[in-house]
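J.: Here the protein sequences line up with chains S and U, keeping their order. What the first sequence shows, in numbering that gives the first Met the number 0, is residues 0 to 309, in sequence order. What the second sequence shows, in numbering that gives the first Met the number 0, is residues 0 to 425, in sequence order.
Calculated directly from the structure, the hints in this document are not laboratory data. There could be a bad hint or two in this list.
[Unchecked claim] Just so you have them, the derived chain S footprint on chain U, three or more residues with Cβ under 8 Å:
no., segment
1, 93 to 107
2, 411 to 424
[What the hints assert, rightly or not] Only some residues are given here: those of chain S computed to face chain U with a beta carbon under 10 Å:
no., residue
3, R62
4, T63
5, S64
6, L65
7, E85
8, D151
9, G152
10, S171
11, T255
12, K256
13, P259
14, E260
15, G261
16, Y275
17, N281
All C-beta atoms in this analysis are idealised placements derived from N, C-alpha and C, irrespective of residue type, glycine included.
Listed below, chain by chain, are the residues.
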Amino acid sequence: MTLASQIDDRDGRVRRAQGTRRTRRRHWRPALVALAFLAPALIALLLLRLIPAAFALWDSLFRTSLLGGTQFVGLGNYVALFGNPEFQNSLLVTVLFTVLINPIQVAISFLLAVLYTRRAAGAKIWRSLVILPIAVPPAVSAVLWSVIYRPDGLANAFLNLVGLPAQPFLTSPQQSLASIMVLLSWVGVGYWMLFLIAGINDIPRSYYEAASLDGASAWRQLWTITFPLVRRPLAFVLVADTVSNLLVFAPVQILTKGGPEGSTNLLMYEIYTRAYTLGDLNTAQAEVVILVLITLIIVALQFRLLRVED
Amino acid sequence: MMRSRATIVAGAAVGMLLLSGCSASGSTEASGTVQFLGPEDPATFAPVIEAFEDEHPDITVEYTQVPFDQYSNTLQQRLGAKDESIDVYAVDQPNLSQLAAQGFLEDLSALESKAKSATSKAQYEINMYDGKMWALSVWNSTQLMFFNRDALNAAGLEAPTTNPDERWTWEQVQDAGRSAQEAGIDYGLLLEQVESYYQLQPLAESLGGGSGISGNDMLSVDVTNDGWIQSMEWYGETFASGLSPRGVGGFQTAPVFSDGNVAFFVGGPWDVGRFASDADFDWGIAPMPYFEGGDVATPIGSWSWGVNTASKNKEAARLFIEFAALNPDGALATSEATTIIPANSEAAAEYLPGLEEQGGEHASGVAELMMSEIENTAVPRPVSVGYVQFESAMNKAFADIRNGSDPAERLAEAESQIENAWSKLL
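Next up, chain S with everything else stripped away, as it sits in the complex (with noise of 0.2 Å):
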């Protein structure tokens, strides 16, 4: 091999070298660039959700007394909150109220978003109106409604005036969950049925007008267009106010403080007078870890049940 086609040879070599780098250079580049605009997001998801997570779950491992240490008890606080009545209460109440006030609030979300989207008198002002107490701070709308709710309040007074007589509403086991439920709904429905209004007023005009002309009822309409052309955003109206409920704390807080009789115990509230209250944290985090297992079991299936109806 004479010195002339060492050279070339080596050159080739590192022209081919030079080649693979700006190739791979140029297969990493749109992932380095995506990785760059998701970072604030990713970085975010980190600090935020994911590690904060880790930390309950590590937390609930352990057990600390106040005058003692910490020591290392396993799954030993998931044991003992299975075995806790007043847990067991939490839950169940958790699970009642889920399972009712979800549908009621969707359902009356989804009608009031259809009814608001018909050309009638007064439809936006009406609508502004149902919008409105969103506005208004979760804290103060419980306050608002704790006055409502008095044995002397505008509740009592409004069903002495149609001649039903006074209940006890938040004082008693039977009704104050119901209470809470109401209250909910009137912040809650204006702001899901914003998102079904929207839904609503995609669908295309000449549908129902093809529809009209074939004769099809309002009814029909309702059914056979507008549910089946809504049914995203009514997914995500499901999922996003399934979390937001099972999240619900300030009412409770301010209004019954869990009562009468535990009837009102939501498990946000359970958490937060285990942690701050009985002041027992390990355990209170081992409830968040199982409220977010909870969570995430019912979002999973209302995501399994939406892929199949696609």
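Got chain S; can you put chain U on it based on the hints?
T.: Okay, now just chain U, sitting in the frame of chain S:
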């Protein structure tokens, strides 16, 4: 461009000078801001803060209010997170042991001799835990029975007097309240802190039920004895029979009296000033009742102030609580905007005659009555490191009993809840 850069440089230089000036003055004496957390309305502490700032022009006190029923939890939450934005905080006296055990209170033992001479023995001892002093008593309290004289007159009833020897029994109050209701008033009786241990402990104590916590280590709970069950049966019945209203929250109760809707109202010295300005009917004051054949027991104890261990301005924080608790002028200023007894003995002696004046003819004899109750009939809340869990479970039980739960069953449930909470913590 040049000019703007020059402005920035000049501005920064001035800023640096100002900063260095600040730190120079701070190194010699306490200064800066003291963040103060408490459950009272901000107007209550405005006079003491103003008086303190006049005396210490380099220190500013910023007060934040957290409503009473969320106060204890908020403290746990923020102190547990080593929150530096609290320098001084009000300590509900029975919670002191736990807060000290958790390491949330700065050791103030250096002030022990001063504190001892400034206040009563009981108010000095209440701040001790594990042989050290953790806070300074600022206020003291007792309970009084207010009555609507117009309502009693309308029912043809004779009103009670301020004389402790002529103290009414709960049974008498119940009968008189019913008669007043028949004569037209909405309710017969209402306790101000309607679901709180502070006000309900004396009911059980009167029937021999004790405080509910016993044992050498004060970690045995007993709220299922006859005294507790009987007194809570009586209490639950006052709501079931309509003598007292359900559904009116803890601190919404005073307006029920000042609006003229209840005949008897058991409240604190702070209500004297409030009713003097809000009530437009004839009212009067009597000693807190007891059960027929039982002991006389009245509440006592109030608030101490302590320094947060995570505070970055402990020196100034300490000066502030010393001013409010140990300096008679400062102590007097803490009760200027409210009617409450200062824990400082010198300030209390000066304060009580003024309180009577504030209440006018309705409150005549109140100063003497309060002093007599504090000395003779007061039963303090139990001092236990598990008090916070105890009180929280009991307050929930009181709320349920008020709403109709069976007292014996509910007290048994509370007892097991407390035992469970203690077993996990202690």
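J.: Hint by hint, which ones does the structure fall short of?
T.: none
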